[in-house]
Amino acid sequence: MKILIKDTKFLRDVQLGIENLLLHKLRSFLTALGVIFGVCSVVAMLSVGEGASKEAMDQIRKVGSNNITIESVKSREDEATTSTRTRISVYGITYKDFERIEGTFSSIRTAVPVKEVRKQGRLGGNTLELRVVGTTPAWFELVKRPVEAGRVLTESDLVKESAVAVLTEYGARRLLATRGTIGQNLSIGENNFQIVGIVKSEAGSGTDIQLPDLNVDAYIPLNVARSYYGDTVMKRSTGSEEMNRVELNKVIVQVDDLANVESTAKGMEAMLKKFHPKVDYEMSVPLAMLRQAEAQKRTTNIVLGSIAGISLLVGGIGIMNIMLASVTERTREIGIRRAIGAKKKQIITQFLIETVVLSTIGGVVGLCIGIIIPLLIELFTGMPTVITAFSIILPFFISIGIGIIFGIYPAARAAEVDPIIALRHE
Amino acid sequence: MINTQAAEDAIIKLEDAYKIYPMGSEEVRALNGVDVSFKKGSFWAIMGHSGSGKSTMMNVLGCLDRLTKGHYFLEGEDVSGLNDDSLSEFRLRHLGFIFQSFNLIPQLTVQRNIELPLYYLGWDPEQSAERAKELAKSVGLGNRLDHRPTQLSGGQMQRVAIARALANDPLILLADEPTGNLDTATGVQIIEMLRELNKQGKTIIMVTHEPDIAENAKNILIMKDGVIERIE
Ligand SMILES: Nc1ncnc2c1ncn2[C@@H]1O[C@H](COP(=O)(O)OP(=O)(O)OP(=O)(O)O)[C@@H](O)[C@H]1O
Ligand SMILES: [Mg+2]
Chain X
312 MKILIKDTKF
322 LRDVQLGIEN
332 LLLHKLRSFL
342 TALGVIFGVC
352 SVVAMLSVGE
362 GASKEAMDQI
372 RKVGSNNITI
382 ESVKSREDEA
392 TTSTRTRISV
402 YGITYKDFER
412 IEGTFSSIRT
422 AVPVKEVRKQ
432 GRLGGNTLEL
442 RVVGTTPAWF
452 ELVKRPVEAG
462 RVLTESDLVK
472 ESAVAVLTEY
482 GARRLLATRG
492 TIGQNLSIGE
502 NNFQIVGIVK
512 SEAGSGTDIQ
522 LPDLNVDAYI
532 PLNVARSYYG
542 DTVMKRSTGS
552 EEMNRVELNK
562 VIVQVDDLAN
572 VESTAKGMEA
582 MLKKFHPKVD
592 YEMSVPLAML
602 RQAEAQKRTT
612 NIVLGSIAGI
622 SLLVGGIGIM
632 NIMLASVTER
642 TREIGIRRAI
652 GAKKKQIITQ
662 FLIETVVLST
672 IGGVVGLCIG
682 IIIPLLIELF
692 TGMPTVITAF
702 SIILPFFISI
712 GIGIIFGIYP
722 AARAAEVDPI
732 IALRHE
Chain G
2 MINTQAAEDA
12 IIKLEDAYKI
22 YPMGSEEVRA
32 LNGVDVSFKK
42 GSFWAIMGHS
52 GSGKSTMMNV
62 LGCLDRLTKG
72 HYFLEGEDVS
82 GLNDDSLSEF
92 RLRHLGFIFQ
102 SFNLIPQLTV
112 QRNIELPLYY
122 LGWDPEQSAE
132 RAKELAKSVG
142 LGNRLDHRPT
152 QLSGGQMQRV
162 AIARALANDP
172 LILLADEPTG
182 NLDTATGVQI
192 IEMLRELNKQ
202 GKTIIMVTHE
212 PDIAENAKNI
222 LIMKDGVIER
232 IE
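For the protein sequence lines, the chains are X and G, in the order given. The letter at position 134 of the first sequence is residue 445 when you use the numbering used here, and the numbering goes up by one with no holes. The letter at position 80 of the second sequence is residue 81 when you use the numbering used here, and the numbering goes up by one with no holes.
Source of the hints: derived by calculation from the structure; they are not laboratory data.
Ranges of calculated distance between the beta carbons of each label pair, as one might list FRET restraints:
(1) G/G82 to X/I621: 46 to 54 Å
(2) G/R196 to X/K336: 39 to 47 Å
(3) G/D125 to X/I628: 32 to 40 Å
(4) X/I628 to G/R196: 49 to 57 Å
Idealized CB from N, CA, C, for every residue including glycine.
Using the sequences and the accompanying hints, generate a full structural model.
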């Protein structure tokens, strides 16, 4: 009951404050403008910043932050010398490297070797350029692609060196091999394979940092790929022939715990360095990229936050300035109220409520505009923006805070008005 | 009647009251040892030359100012040592002010001006609106509730001020030159109202320069240089 009375009293004070602000509509509006712009820029900046980092992080997360990928690349030195005559360049991760990696680190849960070859695939009358991925069953554990039909590769395929292939859904459709085609023969290059399964293609694009799954893939046992296609690939281009000998194109490693990712990456790097005098591999650690993206986000937030903070500060100072002028202008009113019996505390409350009402209204208006701005940015520039609950709640409370912080001093000044001086006839 | 009342009936009593303003090496003694007591239900006019300390005394009596030295008893309680909040509380509950320059809040309507003491007393809005209307009617401004002070004549403004001073039903009305800004005829109207209020039991202390106005009071106190010169 008592609380109720107190509350309605507070509401009445707020109402009186609003009435007073409405007496000077233009001035109140201009005063609130600073906060409107400040809050508006905070909301807009937060959502743009959030949008940019979310895009980056989503990509990295998709890959899996527990994973580390090592890819074979031609070292810089080789790249420079092979251009003129025909010769074999040998580079990249070897089977031995893979064994060493798998054998050395206890923190590795799964290690998947990948060998890639481009071959012509033929089924019935249809031909299609395939990316043939020689790998182990662990591959399917890692990428977790739903099985559309049949099965994925198994240990026994490896052991028996079976000529079996798993197609991606997309590739299967292109070869007119539907569900019923499981068991049919698919020739890849010169060799015949039995199609044992179809897996879903990966949705979306732009995420091929390590998953060679974008186009038409045929997954076959690693040892089969090796014995059928060998390690040497001939690349013909106008005027020159290029022979590349690469054992494994890629190794993907899944670490058991996020905490071990970076140390494992370091360890592998050190091990590879020992056996590869030239840097003919490239390691990518999504977690490190994630960390980097997070650090980047923090920096961006700090920069954007400071800019927004300054505009809020300017808004707050604007409010304080007007409220101080208002106190001077209303000295007589304050004197009258004090003479009638208002306590200092009540004068402070009155002015503080006016300031907080002003800044809160400014905050809400700024919030509304600030929500529209990122939508417009997204509409016109295609830049992704994200409005989080945080980016709405924060500016809202900041605007209330500004009202309190910048209202305190003018309100205290008002309370210190001496009624005797204020009421002396003009 | 005054003389027959016992001394304990003094609602206001100053004892050896000093108000001293230091002015560099000099000092101004606005009140220089005042001993006086006003009885409940009395009507005093305070006169004296400009600078004799009338307003200073009114400010002290009105709990707006503190004595440098001495004691001020209000309804038997020594208020000379009270803090700002307690003095505010005394003003709010027991005192009503009427000023020469009316001192209405210009942006508030007549009704809101009259309601002001009730707002600080924590009355609920409906009750205070009702009381404000009653008071406005009693000073003959029942039809002006929604007007702003600037839309009123001086006499009307002073009547609003009287209504506001009465809102908290004070024991004492303090009026510092209430007719100072009014023409003679209007001044007479105002003083008639004060007389009527005194009849109803309010203690009234009024500063005035005009002997004709002072005549209306039951007692006249004349000040000079911060002390009481004589009482009539
Ligand atoms: N704040 C102050 N500081 C210094 N001196 C003051 C202050 N207030 C009043 N005085 C002085 O105290 C004396 C009494 O002033 P007061 O205002 O009480 O006179 P008054 O009798 O009301 O005069 P008037 O009839 O002109 O209103 C004057 O000399 C005045 O200068
Ligand atoms: Mg005076």
